[in-house]
Amino acid sequence: MPELYYSKAVNEALDEELARDPAVVLIGEDIGLYGGAFGVTKGLFAKYGPERIWETPISENSFTGLAVGAAMLGVRPVVEIMFMDFIALALDQLLNSAGKLHYMYGGQVKVPMVLRTPGGAKGGYGPSHSQMLSNLLVGIPGLKVIAPSTAAQAKGILKSAIRDPNPVIVIENKRLYPQKGEVPDDDDFTLPLDRAVVASPGTDLSLFCYSSMTPVCVAVKNAFLQTGVNIEVVDLVSLQPLDTETLFASLRKTGRAVIVEEACLTGGVGAELSALFAEHCLDSLDAPIVRVAAKDVPIPSSLALEKLVLPQPEDIITAVKENLAY
Amino acid sequence: MPDFLDMYRRMVLIRTFEETLSDLFGKGVLGGTSHFCIGQEACAVGVIDAARPTDWLVSNHRGHGHLLARGLDTAKVMGELMGKIIGYCRGRGGSQHLCAMDKCFLGTNGITGGGIPIATGAAFALKYQKTDRIAIVFFGDGASNQGTFHESLNIASLWKLPILFVCENNLYGMSNPTAKSCASGTIAPRAAAYAMPGAAHDGFDVQTVYDAASQAIARIRGGGGPELLELMTYRFCGHSKNDPRVYRTREEEEEMRQRDCITVLEQKLPSLGYDSETITQTALSARQEVAKAAEVALAAPTGGLADATEGVFA
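Chains L and X, in that order, give the protein sequences. Following the numbering used here, the numbering of the first sequence begins with 1 at its first residue and continues without gaps. Following the numbering used here, the numbering of the second sequence begins with 1001 at its first residue and continues without gaps.
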């Protein structure tokens, strides 16, 4: 299997879907010759031209709404929001249009659009360019929210998202773009949008994570193996809906849950998952659930300060030890 | 040559429909709120008749006129407003979220300015699919202060999208007069900033509206790019059902009522060859249609749990 950078895997997914379906168009800022702020769309403008790759003025709410309107009439737009923080500018059209239209118009319309955006901090981008805002999106009915953590997921999930008849938000990650992973060499390789994945099986404790935290959790698991503790790493992949079947099965097996995410602690995916575990798996818990997340503050620019706000491997190790010691 | 008698019929239909709604609110039959377009009927009918039935429409919170002008089923619109299962959206959408794909009506919209980018996207799709259909979006003077108005006009002009932006300027965004909300006083001059034609017209005269819209639509359909049409109008009613109208005088309202678009057309019809009996009968049939629609809608059932909770995803 060939190894690809995460960013190249996204690029290949876009390339293949543009080639497969003439209804697919890309919409976003600087996605043409420039290739997007993170180079994800590099080469696509040269290959598909301005008929398929639509470079927009800096007008996030309107080009997201434009994608909604176009999708209702059969176009399949893939929108890029340059930094996830900028999704605030498009939130009205996501919340009030994309997520609601199919339901509120009584099933008369479909909104088959994808919105891709890189979340997370990558070292010094500062408060307006660094947040993981998964917690903002999972509370909006009608949106599917997926956060691929590997190159294979990045490709397989994006292709499924583009083929899905619903609005799908794909949260990419700036820190994952330069990471490499094996990706099946198959134009029709897709992955389901609603399944969690056991990234590394284990027996003693479950680490639940997504996006940038998955490779960090796998590294933590490997470090613990030397001490005789076998951790299971479960990658949520889909944040809305949550694949409770896979998540509950892991917890029921290990009896211990540590939840790790790059988003803020309060009111997010980890909080939701904790509540679900408490509601449905209380008898299986051998220890209180521990959550590891970003502190409830904006992401500071200084690298030294940023590190103090974001979850670090040591924080996960401490949480695991705390849970095991209970 | 437009069908002026049918224009008249639908203007009376819209007026009666909303007066009936007002009564029903009084009787507690209708929930939520509703925004009437009483006084603005000529804008909806004139523009929509200038378009083809296959041109896509997007409307706003004040959309009953647009829905009925396009010829949606009156009982199904009434049913939707009453939250009944016979409604176009099975009672999920109501007044501000009413869509009828079979009538190329892409929806009313409860967010001020929210429909403008959606319509721009519809125009994008129509151009992308190489059709000769166009999109038309209705919004008010208030919405023209939203970012979506400016962003969408800019994009539509850059990409030469086939879209007619129709601003129904009824002089007040809820209570706020345009003099206090729009730095240029009127909306049409804003078109120049986006390199598209834009002019204001008398929105009380359905023929003026029809002629202006026809010209604009012909230009747009010919590939000339988007256009902004400002229609000067007035809502005789309040912004929504509970509006004491403290922001304007009764004298101003009375002055505006002298220009009522239905009266203007009624007085013109004889010169177009229609006798008074035909005119009276036409108005009567429109009123009967509303009464019948209300009867059908009132008798219809509401949905059940599945209608409330299912179908969030396609």
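By construction, these hints were calculated from the structure, which means they are not laboratory data. Beta carbons: idealized from backbone N, C-alpha and C, even for Gly. A couple of the hints might just be wrong.
[Unchecked claim] Derived coverage of chain X by chain L (criterion: at least 3 residues anywhere in the stretch with Cβ under 8 Å from a Cβ of chain L; other residues may be distant):
{"no.": "1", "segment": "1031 to 1039"}
{"no.": "2", "segment": "1113 to 1121"}
{"no.": "3", "segment": "1142 to 1154"}
{"no.": "4", "segment": "1307 to 1313"}
[To be verified] Restraint-style ranges between C-beta atoms, simulated for each label pair:
{"no.": "5", "chain 1": "L", "residue 1": "Ala88", "chain 2": "X", "residue 2": "Gln1129", "range": "29 to 35 Å"}
{"no.": "6", "chain 1": "L", "residue 1": "Pro57", "chain 2": "X", "residue 2": "Gly1311", "range": "55 to 61 Å"}
{"no.": "7", "chain 1": "L", "residue 1": "Ser302", "chain 2": "X", "residue 2": "Ala1193", "range": "37 to 43 Å"}
{"no.": "8", "chain 1": "X", "residue 1": "Asp1023", "chain 2": "L", "residue 2": "Asp30", "range": "32 to 38 Å"}
{"no.": "9", "chain 1": "L", "residue 1": "Ala275", "chain 2": "X", "residue 2": "Ser1181", "range": "42 to 48 Å"}
{"no.": "10", "chain 1": "X", "residue 1": "Thr1131", "chain 2": "L", "residue 2": "Pro178", "range": "40 to 46 Å"}
{"no.": "11", "chain 1": "X", "residue 1": "Gly1223", "chain 2": "L", "residue 2": "Asp194", "range": "20 to 26 Å"}
{"no.": "12", "chain 1": "X", "residue 1": "Pro1177", "chain 2": "L", "residue 2": "His280", "range": "55 to 61 Å"}
{"no.": "13", "chain 1": "L", "residue 1": "Ala304", "chain 2": "X", "residue 2": "Ala1193", "range": "44 to 50 Å"}
{"no.": "14", "chain 1": "L", "residue 1": "Ala275", "chain 2": "X", "residue 2": "Gly1304", "range": "26 to 32 Å"}
{"no.": "15", "chain 1": "L", "residue 1": "Thr318", "chain 2": "X", "residue 2": "Ala1193", "range": "46 to 52 Å"}
The hints, checked one at a time:
| no. | hint | verdict |
| --- | --- | --- |
| 1 | 1031 to 1039 | violated (count 0) |
| 2 | 1113 to 1121 | holds (count 7) |
| 3 | 1142 to 1154 | holds (count 5) |
| 4 | 1307 to 1313 | holds (count 3) |
| 5 | Ala88/L - Gln1129/X: 29 to 35 Å | holds (32 Å) |
| 6 | Pro57/L - Gly1311/X: 55 to 61 Å | violated (35 Å) |
| 7 | Ser302/L - Ala1193/X: 37 to 43 Å | holds (41 Å) |
| 8 | Asp1023/X - Asp30/L: 32 to 38 Å | violated (55 Å) |
| 9 | Ala275/L - Ser1181/X: 42 to 48 Å | holds (44 Å) |
| 10 | Thr1131/X - Pro178/L: 40 to 46 Å | holds (43 Å) |
| 11 | Gly1223/X - Asp194/L: 20 to 26 Å | violated (44 Å) |
| 12 | Pro1177/X - His280/L: 55 to 61 Å | holds (56 Å) |
| 13 | Ala304/L - Ala1193/X: 44 to 50 Å | holds (46 Å) |
| 14 | Ala275/L - Gly1304/X: 26 to 32 Å | holds (29 Å) |
| 15 | Thr318/L - Ala1193/X: 46 to 52 Å | violated (57 Å) |
Going through the hint list in order, the structure does not satisfy hints 1, 6, 8, 11, 15.
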